[in-house]
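Number of protein chains: 2
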Amino acid sequence: MNKEKLVELIRSRKSFLCVGLDTDPSKLPAGVSTLEFNKTIIDATREFSVAYKPNLAFYEAMGREGWDILEETVAYIGHEHFTIADAKRGDIGNTSSYYAKAFFETYGFDSITVAPYMGKDSVSPFLQFQDKWAIVLALTSNEGSKDFQTQKIGEEYLFEKVLRDVASWGTDENTMFVVGATKAESLAQIRQIIPNHFLLVPGVGAQGGSLQEVVKYGMNSEVGLLVNASRSILYASSGADYAIAAAAEAKKMQEEMAVYL
Amino acid sequence: MNKEKLVELIRSRKSFLCVGLDTDPSKLPAGVSTLEFNKTIIDATREFSVAYKPNLAFYEAMGREGWDILEETVAYIGHEHFTIADAKRGDIGNTSSYYAKAFFETYGFDSITVAPYMGKDSVSPFLQFQDKWAIVLALTSNEGSKDFQTQKIGEEYLFEKVLRDVASWGTDENTMFVVGATKAESLAQIRQIIPNHFLLVPGVGAQGGSLQEVVKYGMNSEVGLLVNASRSILYASSGADYAIAAAAEAKKMQEEMAVYL
Chain A
331 MNKEKLVELI RSRKSFLCVG LDTDPSKLPA GVSTLEFNKT IIDATREFSV AYKPNLAFYE
391 AMGREGWDIL EETVAYIGHE HFTIADAKRG DIGNTSSYYA KAFFETYGFD SITVAPYMGK
451 DSVSPFLQFQ DKWAIVLALT SNEGSKDFQT QKIGEEYLFE KVLRDVASWG TDENTMFVVG
511 ATKAESLAQI RQIIPNHFLL VPGVGAQGGS LQEVVKYGMN SEVGLLVNAS RSILYASSGA
571 DYAIAAAAEA KKMQEEMAVY L
Chain B
331 MNKEKLVELI RSRKSFLCVG LDTDPSKLPA GVSTLEFNKT IIDATREFSV AYKPNLAFYE
391 AMGREGWDIL EETVAYIGHE HFTIADAKRG DIGNTSSYYA KAFFETYGFD SITVAPYMGK
451 DSVSPFLQFQ DKWAIVLALT SNEGSKDFQT QKIGEEYLFE KVLRDVASWG TDENTMFVVG
511 ATKAESLAQI RQIIPNHFLL VPGVGAQGGS LQEVVKYGMN SEVGLLVNAS RSILYASSGA
571 DYAIAAAAEA KKMQEEMAVY L
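Keeping their order, the protein sequence lines are chains A and B. The numbers in the first sequence follow our numbering, run straight up by one, and end at 591. The numbers in the second sequence follow our numbering, run straight up by one, and end at 591.
Accuracy of the hints is not assured; some may be wrong.
No distinction is drawn between identical chains; accordingly, a pair holds when it is met within one copy or between any pair of copies.
With a cut-off of at most 25 angstroms between alpha-carbon atoms, the simulated DMTMM-like pairs for lysine to aspartate or glutamate come out as follows [stated by the list, open to error]:
| hint | residue 1 | residue 2 |
| --- | --- | --- |
| 1 | Lys462 | Asp571 |
| 2 | Lys546 | Glu473 |
| 3 | Lys431 | Glu402 |
| 4 | Lys431 | Glu334 |
| 5 | Lys369 | Glu543 |
| 6 | Lys582 | Glu485 |
| 7 | Lys581 | Asp398 |
| 8 | Lys462 | Asp495 |
| 9 | Lys369 | Glu395 |
| 10 | Lys431 | Glu401 |
| 11 | Lys431 | Asp398 |
| 12 | Lys476 | Asp461 |
| 13 | Lys344 | Glu402 |
| 14 | Lys369 | Asp451 |
| 15 | Lys462 | Asp354 |
| 16 | Lys546 | Asp398 |
Hint data in this document are derived by calculation from the structure and do not stem from the laboratory. Since this is a predicted model, take the numbers as computed values, not measurements.
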């Protein structure tokens with residue numbers, strides 16, 4: 331999916347919500363399989379969201395079966411939502427090329443999250459595919475983001491150098507960045523460095539980030555935001571009414587987003 | 331596998347060779363399947379090596395079938411070699427826990443390579459399993475290692491801070507580090523920071539690093555080295571004699587290692 335279509339989806343659905351499919355087998359309602367749960371969540375949230383982000387770890391932990399479920403889930407999402415393989419890959423060039431092939435071609439994802447530590451030749455292979463995207467970790471929402479990401483390299487933080495350097499390797503048509511909502515005040519400074527790139531923003535909802543703050547500091551003229559919610563939607567109810575509860579939670583977020591759009 | 335057993339294997343086999351199973355379907359001899367190739371390479375190199383390192387990207391690129399091949403390959407290796415899932419994972423805590431469960435329990439690997447960018451809570455989940463290991467990227471052998479890893483944070487390089495901090499999160503019984511052989515002269519300084527940890531050293535062979543230099547600067551009293559070779563062994567011959575050629579290449583490396591042990 332290219333940027334034009336993504337922005338169009340956001341404007342027409344009045345939503346920049348990404349639903350994180352961190353489907354945890356231990357949290358499913360009784361008698362519901364992972365695939366059934368995913369399909370139900372997708373149907374319940376389709377009209378309120380523009381993107382889905384399966385978290386690969388949950389599928390890998392299931393062994394082979396997990397990969398079947400992943401493939402069927404991506405197919406079920408279809409082409410009217412942007413799909414993100416939350417895989418956080420990053421390896422030497424020929425290996426990254428294999429990951430790109432796996433996620434873009436075998437599974438058909440629009441994008442994959444990528445870790446920047448190994449540098450340019452580990453990120454560039456993800457930028458060689460038409461209408462496919464690398465979403466590179468910059469400033470994450472977890473506690474450990476302080477360990478290295480916010481260390482100073484000369485006058486700037488490591489994550490700022492990551493933003494600046496990675497942005498120069500691709501374009502805002504094939505690169506996005508992960509920036510956690512728990513650091514909303516950092517978004518103003520981040521927009522100085524990358525005014526035009528889309529940001530994938532986790533941490534709103536269960537992790538406590540504020541949607542209003544993210545919009546205030548992070549939105550640009552093409553919206554430029556995909557705000558992810560996972561647990562707050564998936565596990566809005568642990569009972570048989572989980573689809574209704576998930577739809578209500580997604581709708582609530584979409585309605586707040588509509589105000590800002 | 332614990333450290334004591336690993337050191338014992340190294341001493342008894344007079345080898346610290348790790349064979350990287352970066353099995354590329356496009357490079358296999360005619361008529362040979364990936365699984366058959368892996369099994370043949372393993373049998374040809376067993377007596378000369380102490381570890382095997384499947385590179386996950388190559389298996390993921392094959393879709394579901396790749397995961398079957400991976401599982402059968404790990405089972406075929408058995409318990410007299412240290413196994414490394416070269417996956418370079420790293421995510422927020424509960425996600426990293428799922429990866430740890432997938433690779434240590436579902437697939438039965440002894441260790442997994444881990445990217446440090448997301449900090450302590452992304453690495454720690456891999457340190458919670460008895461006799462299992464996190465092998466954390468510090469200084470890699472690719473060109474892109476200059477982009478971030480060798481940037482200065484205060485008085486030290488980022489990779490040095492990674493070594494120092496990550497070493498404090500675990501012990502030399504559950505943590506190793508990736509240090510590329512193309513930076514052999516850095517090993518002396520690295521040994522100042524982490525005298526006792528095992529290092530996984532790629533970049534000898536195809537990438538041009540010198541085994542002698544790695545030993546000179548990196549070996550410690552418990553050897554402390556696993557030197558990886560992938561392409562130079564796997565593709566020593568592209569013909570029907572690939573097993574013989576792989577064995578000869580592994581034996582050559584083992585014989586050089588025996589001199590240093």
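We went through each hint and held it up to the structure:
1. In this assembly of identical chains, Lys462 and Asp571 lie within 25 angstroms of each other by CA distance neither inside one copy nor across copies; the values are 36 angstroms within and 40 angstroms between.
2. Proximity of Lys546 to Glu473 under the C-alpha cut-off of 25 angstroms is restricted to the intra-copy arrangement: shortest distance 23 angstroms within a copy versus 38 angstroms between copies.
3. Both within a single protomer and between protomers do Lys431 and Glu402 lie at most 25 angstroms apart by alpha-carbon distance, with minima of 18 angstroms and 23 angstroms respectively.
4. Taking CA atoms no more than 25 angstroms apart as the test, Lys431 paired with Glu334 passes inside one copy only; the shortest distance there is 23 angstroms, against 39 angstroms between copies.
5. In this assembly of identical chains, the alpha carbons of Lys369 and Glu543 never lie at most 25 angstroms apart, being 31 angstroms within a copy and 55 angstroms across copies at closest.
6. When the C-alpha separation of Lys582 and Glu485 is checked against a cutoff of 25 angstroms, the pair qualifies neither within a copy, at 41 angstroms, nor between copies, at 49 angstroms.
7. In this homomeric assembly, Lys581 and Asp398 never come within 25 angstroms of each other (Cα to Cα): the closest approach is 29 angstroms inside a single copy and 40 angstroms across copies.
8. Proximity of Lys462 and Asp495 under a CA criterion of 25 angstroms is satisfied intra-copy only: 20 angstroms inside one chain copy versus 35 angstroms between copies.
9. Taking CA atoms no more than 25 angstroms apart as the test, Lys369 paired with Glu395 passes in both settings, with 16 angstroms inside one copy and 24 angstroms between copies.
10. For the homomeric pair Lys431 and Glu401, the shortest alpha-carbon distances inside one copy (14 angstroms) and between copies (21 angstroms) are both at most 25 angstroms.
11. Taking the shortest Cα distances, Lys431 and Asp398 sit within 25 angstroms of each other both inside one copy (17 angstroms) and across copies (19 angstroms).
12. Neither within a single protomer nor between protomers do Lys476 and Asp461 lie at most 25 angstroms apart by alpha-carbon distance, with minima of 33 angstroms and 29 angstroms respectively.
13. Proximity of Lys344 and Glu402 under a CA criterion of 25 angstroms is satisfied in neither setting, with 27 angstroms inside one chain copy and 48 angstroms between copies.
14. Taking identical chains as interchangeable, the C-alpha atoms of Lys369 and Asp451 are never at most 25 angstroms apart, the minima being 37 angstroms within one chain and 31 angstroms between chains.
15. With identical chains, the CA atoms of Lys462 and Asp354 are at most 25 angstroms apart between copies only, with a shortest distance of 23 angstroms across copies and 27 angstroms within one.
16. For the homomeric pair Lys546 and Asp398, neither the shortest alpha-carbon distance inside one copy (40 angstroms) nor that between copies (48 angstroms) is at most 25 angstroms.
In summary, the numbered hints that this structure violates are 1, 5, 6, 7, 12, 13, 14 and 16.
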